[in-house]
Structures are given as C-alpha cells and as structure tokens.
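Engineer: Single-letter residue listing:
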Amino acid sequence: MNTHSTTRSLLQKEILLGAIIASITKLSPKTQLRNPVMFAVYIGSMFTTFLWLQSYVVPSSEPSTFILGISLWLWATVLFANFSEAIAEGHGKAQADSLRLSRTQVLANRLTDAKSRQVTQVNSADLKLGDLVLVEAGEVIPADGEVVEGVASVDESAITGESAPVVRESGGDRSAVTGGTRVISDWLVISVATLPGNSFLDRMITMVEGAKRQKTPNEIALAILLAALTLIFLMVVVTLLPYSAFSAQFSDSGTTISLTVLVALLVCLAPTTIGALLSAIGIAGMNRLSKANVVAMSGRAVEAAGDVDVLLLDKTGTITLGNRQATRFLPAPGVNIDELASAAHLASLADETPEGRSIAVLAKRNHGLRGRDLELSHPKFVPFTAKTRMSGVDLDGQAIRKGAAETVESYVRSLDGIYPDEVKSAAKEIAKAGGTPLVVARNNQVLGVIELKDIVKGGIKERFSELRQMGIKTVMITGDNPLTAAAIAAEAGVDDYLAEATPEAKLELIRQYQQGGRLVAMTGDGTNDAPALAQADVAVAMNSGTQAAKEAGNMVDLDSNPTKLIEIVNIGKQLFMTRGALTTFSIANDVAKYFAILPAAFATTYPQLKTLDIMRLSSPSNAILSAVIFNALIIVALIPLALRGVSYRPVAAAQLLRNNLLIYGLGGLIVPFIGIKAIDIILSLFTA
Amino acid sequence: MSASDLLQLAVFLIPLLLAVKPLGWYMARVFTGIVPQPVRWIRPLERMIYRIIRVDPDAPMDWKQYSFAVLALSLVSVFAVYILQRSQSFLPLNPQEMSAVSADSSFNTAISFATNTNWQGYGGESTMSYLTEMLALAVQNFVSAAAGMAVLIALVRGFAQQSTSGIGNFWADLTRGTLYILLPASLLLAVVLVWQGVPQTMQRYHQANLVEPIVAADGTTVTTQTIAVGPVASQVAIKQLGTNGGGFFNANSAHPLENPTPLSNLLQMVSILLIPAALCGTFGEIVGDRRQGWTILASMLVIFIPLLVLTIYFEQQANVRLADLGVVGGNMEGKEQRLGIANSAIWATATTAASNGSVNAMHDSFSPLGGLIPMWLMQLGEIVFGGVGSGLYGMLVFAIIAVFLSGLMVGRTPEYLGKKISAYEIKMASLVILLPCAMVLVGTAIAVMSDSGRAGIANPGPHGFSEVLYALSSASNNNGSAFAGLSANSPFYNGLLGLAMIVGRFGVMIPVLAIAGSLSSKKRTPTSSGTLPTHTPLFVVLLVAVVVVVGALSFFPALALGPIIEQLMLK
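If you read the protein sequences in the order shown, they are chains X and U.
For the first sequence, my numbering begins at 4 and goes up steadily by one.
For the second sequence, my numbering begins at 948 and goes up steadily by one.
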C-alpha cells in the first residue's frame, strides 16, 4: 500500500512535468483551432501582445504595463486550458505506457504441423490470422486468440492488474487469451485471432492514450453551443466599438473604448471556463473508466452509459451469489430436526459440490455438527450418478440418500416405505418460493427436506432501488423456470425478469426495449451472448469471456465483475453532469464580469455608469485586470473538479437538477463577485 | 402602484388567461384536422380552396418542402404588396387619389407586412389607397400570421410524432389557420369595434369646419380639418389578432378613430396577446400533455408580469426635470389623456412582448427605464408571447437550450418531450438566437457609424442611440413598433430595416423548420424518474433564467449606453 502511494506520487510528478511542457507545445495554431472558444482567446492574446508592442511605437492612451498585464493573463488563460487537457491526457498516457511495456515483441512458436507438434520460431509481428501457436509455461502469449487445445493458468496482471492467475481452456467461455499475458503452468495451442497492431492491447492503448480520441455526440453539441455563445459575445464586443465612438462623440466627453479593453471583455464573456475544460472532462471520464478497470472501445459508449434506461443483468454472479445454498431443514412428521440435520450432514460429507458443502455448513452452524470420526463406521460414500440421481453414504448398515423429490419418492416407494404427504407439500412450497428441495431418506424412511436457495447478494436490493430512483429499469436474465425466477426477482427487487432465457430471447428483449425508445445495457461473457451484446447500446464483455463476446461488446471489464455495469452508468452520468455544471457556472460568471468591466470601460465617456460598479473596485484598469485574472485562475481552480467529475448521487432527476443549479448556477453568480473583489484588493496594494 | 392600476391590470389579464384553455383546445382541433362542430359549415369552403390551388391537404411535406412553400408564399407576397403600392394611382378604390408610393418605402412596407413585422415608415392615411390597405396590407396581416402559426404547428408536430419525415402540409395549415381562426375572430372583433365607433367605410375623407380656427406656424389661419376614414375596423381587428400592429392611421391606436373607447382599448389589448397565449394551450394539447403548455405559458408570465408592473411603476414616476418646475404626477408626455398611464404602460409592454407593434402611446416619450422594457422585450427575441406562432416557436427553441443545459446536469443526453437533443438541434437553435441578435447589434453599429444613419437621429446623446437601437430591435425581431424620433423613411433605413426584417423572420423560421424535421424523425423516449421533468416550477425558473440571461448578456452593453445611462444622467 505504501509503495503504491509513493509510485503514484512519483507518477503524479512526472505527469505534472509532462503536462507543463505539453501546455506550451499545444500553442500551435493547428491544435488551438480545434477549440473555437479557446481559439478566440488565443487570437486575443496575440492581438494584445501586438497592441503592447505597438504602444512603444505609437503613443497609446493606456499605459504599456496595463496592456502587458492583460496580454500576459490572456496567455495564461490559454496555457491553463492547455494544461488541463495535458494533465488529463497525462493520466491516460501513464496507463498506456505501462500497457505498452507488455506489448514487447516476442518469438512465437508457430505450429507447422498440428499433429507432430513441429514448430518454427517466428516474430510475433509476422503472425497471420488463423496461425496456430504453441505457448508453454513461462512464455508470453504472442497475440490475441482462441485456445484450441490445452488448459493452462495464465497471468493476466499486465492488463487487469489482478495478480491471481486465471484458467484458460479450449471450448466454453474461457477460451479467449490476450496477447502480452503470460502462461504460468501447462501449455496452450492458440489460434491467432487478430493481426499485429490491431490486438486488444493495441486498441486499449490507443483508447486510453486518446490518440484517436474523437469528440462524442454530446461533446460536439455542447461545443456548438459554446461556439455560438462566443460568436454572440464577439458581436457584442465588436459592435461596442462604434457604439462607444458614437457615444463619446455625441456626449462630447471621453474617448472611444480601447481595443485592449474590448479583447479583455470578449475573453471574460466567452464561456472560457467550460471551453478550456471541455476536452479534459471527456478524457478524464475515460480515465475514470480505466481506473475502474474497464476499457471502452469508444467515448461514445461512455456517453451512452449515462443514458441507459434498462439494465439487463445476469442472475448468477450479479444478483445472486454464484451457487445455491442450503438454508433450512424441514423434518418429516415424527422426525427430530437434529436427526434430519445429522443425516443430511453425513450424506453431504463427501459431496464436494457447492450445494453439498453448504448443507454441511448449515448443519454445522445451526445444529452444532462438526466433522466426526467415521473411521470405525467404514463409511461408503455413494456419489451422484446420472442413473441414480441421488448421492449419499452407506454406514453402519444404514443407507442415507438425498436427491430431488421425485427421485427419492420412487426410491423410498421401491423399498416399500411411505412418502408422507407433508414432505410432498413442503417440497412443493419450497419450489414455489424459488428454492430447490432435496429430500433426505434413511433406508426406506423419509427424514425430511433440505431447502436450497439462491442467495441474493447483500445490499443488491438497495442498489436496485437506487437505480429505480435514477430512472433505470433492471431486468434479471436467468435460465431458471418462471416460478423460480419470479421468486428471486421479487426478493432482489428487480423490476422485471426474463426466465428460461435463450440467446434469441435476450436479443428479442433488447430489440423490444429499443423499439420503445429505450437504451439498453448488458453484460455478457459467452459466445452465445455475442448477438445480444452487439445489439445492446452499452455492452460490457467480461475479460474472462470469449473473443466473440469481446468483439461484440463496446466495453470490456478487466475484472470480469458483472456488477460493474452500475459503476459504468455512474461514470457516464458524471461525464454529462460535469459538462452541464461547468457550462452553467461559466455563463453565470458573466454577470459579475459585466458589472466589473462595463463601468470601467466607459469611465471616461459616462462616469455616471460608476453606479453599476457595485463591487466598488479600486480603479478602472484594476477592475478590468481583476476580471481577466479571475477568468484565468478559475480555470486552474476547476481542473480538479473537471478531472474528478461532479459527484453523483442516485436521486431523482428533479432533485439532482435543483442541487446542481444551486451549487453551480447560484454559485457561479456569486463566486466571481467575491473573487474579482479579492483580486482587486490585492492589485490595489501594488498600484497604490 | 395604485389600486386603480391593479384593477386595470386584472381586467386585462383575467379574460386573457381564461381564454387560453378553450381557444387552445379549439386551435389544436383545427390544426389536427378535426374541425369542431360550430364551424363545420366552413369545410366546403376549405375543400374548395384545396381544389383550386390543387393541394392534397393530407400529403405531408418534409421540412425542406415546407420551408420552400413558406418562402415561396412570402416572396409572392412581397411582390404583390410592392406592385400594388407602386401602381395604386391607376387602380380603383382610391377616393383620395393617392399617388404611387416611393420605391424604397414600397420595398420596406412589402417586406414589413409579409414578415408579420408591420414596421411603418409611412403614414397610412396620407399614403395608402383603400385598395392597398385592403388587398395588400390586410391580406398580408392574415397570411403572414397564418404562416407563423403553420410553422409553429409543424414544430409541435415534430415533438408529437415519431419516426417520420413529414411535418404536415403547409398549404393546409395556412388555410385552416386563416379560415377557422383568424377570419372568424377578426370578423367578430371588427363588428364590436364598429359598434364602438371605429369607421368602416369606402367614402372619401370628411371635411369639418373647426369650431375655433387656429393659426398655423406660418401665420395662415386654418378653419377646416380633414378627418380621415376608410375600412378601418376590419384592418384594426386583424392587426391586433394577428400580432401585426400596422395601423390604419399614422397615430396607430392612439388615434381616436382607431381606438375610440375604453372598451375598444381593452379588447384590442387582450387581442394582442390572445392567440399567442392560447397557442401554449394548443401546444400542450397536441403533444398530449397539457402541463407542458401551461409551463411555457407560466414562463412567459413570469417574465411578462414583473416587466409590466415595472413599466407602470416607471411611468408613474415624475420626470425629475419637470418636477423641478412644479409639475406633479407621473410621466404623461406622449400619452393619450383619455387612456392614462396604466393603460399606456400595459399596452406598451403587451405590444412589445407580443411582436405586435401597435401603440396607443409614444414609446419615445416614456421615461428612460420605462422605454428600456419594451426595447428589451423585443431584444429577447419576441418570445414572451411573441407573434402568433412565431413567439411560441421561438420560446420552444429557448426551451430546447434550457433542456440542453439542465439535461446535462441530471446526467443524461438532454431530451425534451422525449426527443433527444443532439448537435443538429443545437446548431439550428443557435442560429435562431444568433441571427436576430446579430442583426440588432450589427445593424445598430452600421447606423451609428454611417452619415445617412446618423442623419435620421432626432435627439443627441444616449436618447438618440436608443432610437436607433429600438428601430433595429423592432425590425430584427419582427415587432414593428417605433420609438418615434427617428426619421426612418429614408432609403438608408428603409433598406437596412427591410434587411433586418428578412433576417429576423426567415433566419428564425427556416432553422425552426429544420428542427421540426429532425425531431419528427426521432423516436420518442419514454419518460422515467431519470428524465428531467419539463412541467415543473423548477423548469419555469430554468427557462426564464436562460431567456433572461441570454437576453441580458447580449444587450446589456448596448442598453447601458442607451436608456440606462440616460436614466443615470437624469439625476
């Protein structure tokens, strides 16, 4: 933990240094042109620099130091904007660099003949699609691919950060391997699935590094609005020149407003705060996703995550703990519960299935039964077979069996025993409530029923009600029968469920929701999930899943944790909220700036406008400078917020809006009054 | 404000608001093609019109076809109005033998009436023949208003329907708006106005002997007066109901024959806002959620009522310069004594909130801040009620912007009435805000920089600046009211203001239709608790804030150099 934080702070220092250098290199006009708001500031900075130089040649009505001051702070505004973007990129780059380390070229053992295991060594860059390569313990997997033969444990820490090795085997849903990971034991034969340079790792690097970062739809829309606002303010400022000339001439006093002041006014009015931070917000959103160990294939997917209306969640692993567990013993009439528990315990001692183990655990916990000394009894364990469909133990001349209700019933009847009606109805009740009944018999006597139930994860119900508040509908997907599904759905508090789900049924369900105008998110890992993943708007593939699933999804969760979807939605929402909050803040700021700049700008023509100077600033030039300085510093002050994102609490939209409007709207109105006044006080210390 | 002011305010507002629901419902019926029973007898006439112009009313147009139809109609209108003015001396119904109107004035007036602006650089009773008044101007009063409504309905359809490119048939919308709404309402109002004493005649002007002869400035004694008459009532009715505002007489509704009684004054004031307000109800009906309509109406009222109260307040204040001379009472300069301060202030606020532009007092003579409010209401983009149709579609564009900002703050792609707001809508909405705003600012700049622009300014200093700013604000936002004081009937202003009217009308209409087309083709997202509700008081606050902040930020510097500094210099 300690070493972790030191490496992090070292990293921070490196990122900071890189960002400072990048803020200067980003001054190239080509880079600046990408952001119309900041481009206006950039041109303004150049123009005021020119005015400053000119003031030494042509006498100016303003002191050169004032023009220089404005000009320097305008340049600072541009640099701060560059810095915010660079620091966000820096975080991504650091991550990309560590990924790149694992992408070193390796020699691959290409199988020339699959049968005889003849291999030739080739460079990993020369592998072609469909090539078969042999990877043995200690070797690095040369490319993304599908395991066609073998079972091995693989260290995937290079991409997931998780040190525990994972098992990869041919067939099934754990057959995909990623280039750059290392086989620890055994061997694998892999069919190469992607070309070099186009591997999963490569795409991850491109994504986190932001090299191919395209603006997302909402980012474009916001950029258009900001550009339009800038254009309006440009017009306001440009027309102010003739207005001022006209006013000065007709009122016969004062001089026309100076170009320096006009540029300062434009920069203060233009939505520079959000303009400067917009790109950083987007990159930071991607970074937060990477930090949650999720790789998005596009920024578009992150935005879509914020819009999701319906979450399709697999029951197993997401809503319930992986396996069914014994929760209750229900003895038959005339049987003591401890007797039933004891028999169930004995029958399950050799049962290594999770269900069997949970029976032993329940007996131990509720009935004090511990591991017993069975040496003397010469137990003979009877494993579960497809034929008998029961398991149990023979000891001391007793045959203890447990199994499904119908199986045990016919077993007992075949031994001329009685199958009590109470047991029958108890078993039915359990099935109706979503559980699985196991009946226990000793010889031909039925002892009772064990209730096995899906255990809903702790806290999941609250999580779902939070999601409901956010307006997101949860749908549980399960292979269970409708009865069981309904019971678990009710217990977990999901809004809906799809029972006996087949891949086709999933796909159909997604289409239905989309027809109704909803956005659907789902997780999946198997090849049979691929069509549904491809259809869903936000599709998170588990990293442990198959290559097909990963190709179909637009995000990959490296931790393979299906609950992650909820976190992803949060990150998407934060992304929108941060943009909205800073835009509102930025526009609300303008009110105070008008009150600072306008009276100052017309101080010579209309001294009466001083009435509007409600901040009582020390002098016209200090007023203008204070507004410009505030405008620049607020960007720096908000960089942490842009990188971290506005905090998101799952409450209804109306309340969320009220809170954010209060903080960023009203706050944006008030803060600059205080800030500008404070800066003015400091400035007046120097000028007095 | 005195009790009498409050009473006059109540008498004006209550009937207006009571009419919103029934009239809104009625108009929704008309535009969705379900003609209500009482007017079903007009249907054969409607069908006959379609047959004559060869239009299938059920064939929808996409937004480009719709725009093309609007533009084509407007172009033909401009030509017709221009030619009628230029040739009126050869045409019948010209008892006063008016000569042809000058080329630049004809151009300006043609655009003015075709764009529902009704800016008047001319004096009606001394310029236009009865035929021109009726066939050119009154026809445009109907058609331009109906076109505004049609475009609004197309936009509302964009919200209401999904996954289709058609936004309705312009010719059908135009015909229905005229036949079922504007014509019956104007007929009714005109009859009442005639009853109140507004002339409706084809006779020549009357000559009357003065009871007391007066001596003119040049020393001649004047013993007779010409009393202008004409087909006035019919013109006045539609001028108010269609938010046109172009007066029959030069003095507009301050003229005793155009607005003779307190009742005629009240009816005209209510008529100014009647259809724009009721269209909010129509909007709610058609999108299937009346609360949405009420929210928009509430937002308009939240802006309108405080400004109205402020205007009355500012006009009730004594002019400090006159107070020094011992004059008591409020600012009566430029007001009709028979109408008084409250009614003049209400009218001024209403006529500029709606893009009507008719006046019953001279805004130029208002106190600086009292004059600021009408000016600012126009600069907001004529969306607080605004023109028939055009006001509401402007307001809905602002609602889109408000939804975009606030929608982001709840963590989703913003959506309004289930339609996701994407880059395309924002681009078009930006144009809607940008173009009239640019026209006002740049137009004013051109006028104060050029000699011909400065030549028209009557007053020096800030007030002169206000006059130019007011004229450009009025024309660019299709209001048409004048601050007076500015001599605008010159080739320079006729040309500049003509251009401003075109930009203000079509620079808004076409992007709005583009939005309608884009929204119409989108799916409607069902609402959930994660959706930003757009029918709450909070949304009213938000929408009002966006309108006010955008309006204030864009025009604060200009207003500071006009009315604000004028007020500060009074002290």
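Hints listed in this document are in silico derivations from the structure and should not be mistaken for laboratory results.
Since the structure is predicted, the reported quantities are computational estimates derived from the model, not experimental observations.
The C-beta atom is built at its ideal place from N, Cα and C for all residues, glycine as well.
Don't take each hint at face value.
[To be verified] The list that follows gives simulated cross-link-like pairs (lysine-lysine, DSSO-like), each with its CA atoms no further than 30 angstroms apart: (1) X/Lys16 / X/Lys33; (2) X/Lys460 / X/Lys435; (3) X/Lys118 / X/Lys131; (4) X/Lys431 / X/Lys460; (5) X/Lys118 / X/Lys294; (6) X/Lys367 / X/Lys460; (7) X/Lys435 / X/Lys464; (8) X/Lys431 / X/Lys390; (9) X/Lys427 / U/Lys1470; (10) U/Lys1011 / X/Lys218; (11) U/Lys1470 / X/Lys613; (12) U/Lys1518 / X/Lys218; (13) X/Lys680 / U/Lys1518; (14) X/Lys33 / U/Lys1518; (15) X/Lys294 / X/Lys460; (16) X/Lys367 / X/Lys383; (17) X/Lys383 / X/Lys435; (18) U/Lys1470 / U/Lys1011.
[Stated by the list, open to error] From the derived model, a few chain X residues whose C-beta atoms are all more than 12 angstroms from chain U: (19) Ala140; (20) Asp310; (21) Met473; (22) Arg521; (23) Ala584; (24) Tyr597; (25) Asn663; (26) Ile673.
Engineer: Evaluate each hint against the coordinates.
Structural biologist: Hint by hint, here is what the structure shows:
no. : hint                  : in the structure
1   : X/Lys16 / X/Lys33     : holds, 28 angstroms
2   : X/Lys460 / X/Lys435   : holds, 20 angstroms
3   : X/Lys118 / X/Lys131   : holds, 20 angstroms
4   : X/Lys431 / X/Lys460   : holds, 25 angstroms
5   : X/Lys118 / X/Lys294   : violated, 44 angstroms
6   : X/Lys367 / X/Lys460   : holds, 22 angstroms
7   : X/Lys435 / X/Lys464   : holds, 21 angstroms
8   : X/Lys431 / X/Lys390   : holds, 24 angstroms
9   : X/Lys427 / U/Lys1470  : violated, 53 angstroms
10  : U/Lys1011 / X/Lys218  : holds, 29 angstroms
11  : U/Lys1470 / X/Lys613  : violated, 53 angstroms
12  : U/Lys1518 / X/Lys218  : violated, 54 angstroms
13  : X/Lys680 / U/Lys1518  : holds, 28 angstroms
14  : X/Lys33 / U/Lys1518   : violated, 53 angstroms
15  : X/Lys294 / X/Lys460   : holds, 24 angstroms
16  : X/Lys367 / X/Lys383   : holds, 21 angstroms
17  : X/Lys383 / X/Lys435   : violated, 34 angstroms
18  : U/Lys1470 / U/Lys1011 : holds, 20 angstroms
19  : Ala140                : holds, 48 angstroms
20  : Asp310                : violated, 5 angstroms
21  : Met473                : violated, 5 angstroms
22  : Arg521                : violated, 7 angstroms
23  : Ala584                : violated, 6 angstroms
24  : Tyr597                : violated, 5 angstroms
25  : Asn663                : violated, 4 angstroms
26  : Ile673                : holds, 15 angstroms
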